[in-house]
Amino acid sequence: MPRVQKSDGDDPDPTPYLFVSLEQKRIDQSKPYDGKKACWVPDEAEGFLQGEIKATKGDMVTVSLPNGEEKTLKKDLVGQVNPPKYERVEDMADLTYLNDASVLWNLKQRYYVKLIYTYSGLFCVAINPYKRFPVYTNRCAKLYRGRRRNEVPPHIFAISDGAYVNMLTNKENQSMLITGESGAGKTENTKKVIAYFATVGASTKKVDEAASKKGTLEDQVVQTNPVLEAFGNAKTVRNDNSSRFGKFIRIHFGPSGKLAGADIETYLLEKARVISQQALERSYHIFYQIMSGSVEGVKDNCLLSNNITDYYFVSQGKTTIPTVDDGEEFSITDQAFDVLGFTQEEKNDIYKITAAVMHMGGMKFKQRGREEQAEADGTAEGDRVAKLLGVDCTDLYKNLLKPRIKVGNEFVTQGRNKDQVLYSVGAMSKGMFDRLFKFLVKKCNETLDTKQKRQHFIGVLDIAGFEIFDFNGFEQLCINFTNEKLQQFFNHHMFVLEQEEYTREGIEWAFIDFGMDLAACIELIEKPMGILSILEEESMFPKATDKTFEEKLMNNHLGKSPNFQKPKPPKPGCQAGHFAIGHYAGCVSYNITGWLEKNKDPLNDTVVDQFKKGSNKLLQEIFLDHPGQSGGGGGDAGGKGGKRTKGSGFLTVSMLYREQLNNLMTTLRSTQPHFVRCIIPNELKQPGVIDSHLVMHQLTCNGVLEGIRICRKGFPNRMVYPDFKQRYKILFAKGVTEKMDAKEAAKAILEGISLDPEQYRIGHTKVFFRAGVLGQMEEMRDDRLAKIMTWMQSYIRGYLSRKEFKKLQEQRLALQVVQRNLRKYLQLRTWPWWKLWQKVKPLLNVVDVEAEMKKLEDEVAK
Numbered sequence: 001m002p003r004v005q006k007s008d009g010d011d012p013d014p015t016p017y018l019f020v021s022l023e024q025k026r027i028d029q030s031k032p033y034d035g036k037k038a039c040w041v042p043d044e045a046e047g048f049l050q051g052e053i054k055a056t057k058g059d060m061v062t063v064s065l066p067n068g069e070e071k072t073l074k075k076d077l078v079g080q081v082n083p084p085k086y087e088r089v090e091d092m093a094d095l096t097y098l099n100d101a102s103v104l105w106n107l108k109q110r111y112y113v114k115l116i117y118t119y120s121g122l123f124c125v126a127i128n129p130y131k132r133f134p135v136y137t138n139r140c141a142k143l144y145r146g147r148r149r150n151e152v153p154p155h156i157f158a159i160s161d162g163a164y165v166n167m168l169t170n171k172e173n174q175s176m177l178i179t180g181e182s183g184a185g186k187t188e189n190t191k192k193v194i195a196y197f198a199t200v201g202a203s204t205k206k207v208d209e210a211a212s213k214k215g216t217l218e219d220q221v222v223q224t225n226p227v228l229e230a231f232g233n234a235k236t237v238r239n240d241n242s243s244r245f246g247k248f249i250r251i252h253f254g255p256s257g258k259l260a261g262a263d264i265e266t267y268l269l270e271k272a273r274v275i276s277q278q279a280l281e282r283s284y285h286i287f288y289q290i291m292s293g294s295v296e297g298v299k300d301n302c303l304l305s306n307n308i309t310d311y312y313f314v315s316q317g318k319t320t321i322p323t324v325d326d327g328e329e330f331s332i333t334d335q336a337f338d339v340l341g342f343t344q345e346e347k348n349d350i351y352k353i354t355a356a357v358m359h360m361g362g363m364k365f366k367q368r369g370r371e372e373q374a375e376a377d378g379t380a381e382g383d384r385v386a387k388l389l390g391v392d393c394t395d396l397y398k399n400l401l402k403p404r405i406k407v408g409n410e411f412v413t414q415g416r417n418k419d420q421v422l423y424s425v426g427a428m429s430k431g432m433f434d435r436l437f438k439f440l441v442k443k444c445n446e447t448l449d450t451k452q453k454r455q456h457f458i459g460v461l462d463i464a465g466f467e468i469f470d471f472n473g474f475e476q477l478c479i480n481f482t483n484e485k486l487q488q489f490f491n492h493h494m495f496v497l498e499q500e501e502y503t504r505e506g507i508e509w510a511f512i513d514f515g516m517d518l519a520a521c522i523e524l525i526e527k528p529m530g531i532l533s534i535l536e537e538e539s540m541f542p543k544a545t546d547k548t549f550e551e552k553l554m555n556n557h558l559g560k561s562p563n564f565q566k567p568k569p570p571k572p573g574c575q576a577g578h579f580a581i582g583h584y585a586g587c588v589s590y591n592i593t594g595w596l597e598k599n600k601d602p603l604n605d606t607v608v609d610q611f612k613k614g615s616n617k618l619l620q621e622i623f624l625d626h627p628g629q630s631g632g633g634g635g636d637a638g639g640k641g642g643k644r645t646k647g648s649g650f651l652t653v654s655m656l657y658r659e660q661l662n663n664l665m666t667t668l669r670s671t672q673p674h675f676v677r678c679i680i681p682n683e684l685k686q687p688g689v690i691d692s693h694l695v696m697h698q699l700t701c702n703g704v705l706e707g708i709r710i711c712r713k714g715f716p717n718r719m720v721y722p723d724f725k726q727r728y729k730i731l732f733a734k735g736v737t738e739k740m741d742a743k744e745a746a747k748a749i750l751e752g753i754s755l756d757p758e759q760y761r762i763g764h765t766k767v768f769f770r771a772g773v774l775g776q777m778e779e780m781r782d783d784r785l786a787k788i789m790t791w792m793q794s795y796i797r798g799y800l801s802r803k804e805f806k807k808l809q810e811q812r813l814a815l816q817v818v819q820r821n822l823r824k825y826l827q828l829r830t831w832p833w834w835k836l837w838q839k840v841k842p843l844l845n846v847v848d849v850e851a852e853m854k855k856l857e858d859e860v861a862k
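At position 357 of the sequence shown (counting the first as 1) the number is 357 in UniProt numbering, and the numbers step up by one without a gap.
Be careful, since some hints might not be right.
27 Å max Cα-Cα, derived DSS-like pairs, lysine-lysine [unchecked claim]:
| id | residue 1 | residue 2 |
| --- | --- | --- |
| 1 | K247 | K258 |
| 2 | K443 | K299 |
| 3 | K443 | K387 |
| 4 | K299 | K617 |
Rather than coming from a laboratory, the hints here were simulated on the basis of the structure.
Construct the entire structure; sequences and hints are all you get.
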């Protein structure tokens, strides 16, 4: 399961996958090193080779390579080598010499000893190991709970815990942006992050027996993964478990940091994959899971055979994945439905609709003579589709072959030819699956929407990575555009906002242009008369075609926008592209065939009306918001593509996508972001193999080197003065008074602890620190608190000891009095006079009866 394991005793030791071994350190330290001669030289195969400078002449150097060869190069092509103490360093910002070769070498050497995480200044680099390491267990998670970054080795859990602590300390929403190319490991890292937050924020309340099957909130948050992966992930050329949709998961926490709920927002499921796949790819996992038959009764209820090739829509590429057991995965998906509170009826309807999509691929049609009219070529598969969807088979064929269309105020039937009917069946299949997926997300959100008090959230973003295929369509443009926007957000946050804040705060700083602005490419796609605007405009014209769309693109952008280019010649057997875009990660050729139809996303309204009146309740619900021909539509059970919305006119797929993307960027800008850069090590999915040029290309595109540079030169950590005074006045208590101005107090504290002035800057409203300084201050604060606690403990122990001693003294005095009196008594009891006194004493109280009687008589006589 994709979660932090709950077992404790059997978890394997994670330390070999987190730390460099002592033996390895000794080997690294014993390497010969001459700082003046050791150098890096560019190499075609390895990226860089370590050589030795033999001679220098002007701006040219002669270098001896390990194979004995000598090369003469320009000085600026030769990089310095770091001393052995920096071999396999955990944070590359600590490197003495920062250059491309040193960063690549460090990542490679760590990867070769199974260390897949490395810090790169303020963010973390993760290289896909293509193998499961025991670094996500409960035992491993405990290593990172409440620990500062510099106390533990690099890990996704350390970044996660940092975000959690920041949220509680700064009372600010956080976000985790896990980015990288397709196949780099984003989805797996996202799952680990979600599982970690669910574990950290887990409630300590006991679960009642009635709710045990449904599961705790933290279980439910984690169990959304198997469901969304089954219906939204697929095998691609580069990745066996590729997310074919984007998702932003907000995990909400209460005031005490306990889990208080979650919600999921999804973006642009790749619907085309439902009915067609490339040769080495699969459709969505759920189709193959259902065919496994591992959940009793499902396969029979869905009227499925035992042969996947009977279902054309899902068998055009690969149908199995060597490392995946679809039967086991289906059991996990089915159990996840139970934990998330899906009823048995809902589960049955979900499986039936999924199977109906598979059966629709087998519906056959033929052209009727010379007429422009198609007819059914056998109705066996159609019967099964109708039964699963709870509709009449005859009416289904009638509505597909002769749908009703509105002409003026009247409805008339319109004949369809074979191609039109097949297109309509494919569109219905895609529309059904897309709406089913949206229903699953909606249902998950309802389950995760608790009544507990929410204060802040941590958002985790997982989107499809940058893609360059042999055939790149509308989906690839949307995916790559999203990645372009996220990379721009990273660049803007790391390089522009950072430096703007220095200027705003009055810090002495020379602005550095890192040359990482992607505005030109983004504007080419999204601005007025950009690619998406032209696509939306063409989608409004009934007579527009792919050709007119292409012509408009060329007229507006070719030769005018530097990022808009002519496509490269296609590979043999591949379709040619119509235009190319120079993205931050490479130049991509796009083929615009079918973009207008995809953008309009039309459905057969007559068939939709039939679905809405069928007996499958879930089918009715997912098409609830589609107006159909009846005109009524409301709710939010399905998608919005290709329909009219109140006050907004015709809403196309690209319009909806742009709106969602803009909302996402607005949300991200309101949070404190934490970046994890996932790197794909090689194209062959082989563990332990590094393609140096591929990795170097990703490091360059992702801004990893620039991120390290600004982290080293700048002041990445900062605190407002009141918070700084409140937290650190303990370090110089004698020099800070309660009435003292916060800024003056901050200056006094920093001077009082003798911190090097080069390590911090005093701004107008904040104090800024170089990387790592705040961590040192935290350690000083901990030491001071430890001393105070020790003093308090000693004072309390002294007080309690004194109190106990006084009590013992009083007991001692009392015992002495008792002993003294006892000794006196022992001496007296044998003394004769004491014995006489003991005899006489009782007689002293005897009354003289005669004298009393005489006294009474005298009184009576009177």
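Given hint K617 paired with K299 - CA-CA distance at most 27 Å:
holds (20 Å)
Straight-line alpha-carbon gap K247 to K258, limit 27 Å:
holds (23 Å)
Satisfaction of hint between K299 and K443, Cα-Cα up to 27 Å
Answer holds: K443 to K299 is near 24 Å, not above 27 Å.
Would the pair K443 and K387 pass a check requiring their Cα atoms to be no farther apart than 27 Å?
holds (25 Å)
Checked against the numbered hints given earlier, the structure satisfies every one of them.
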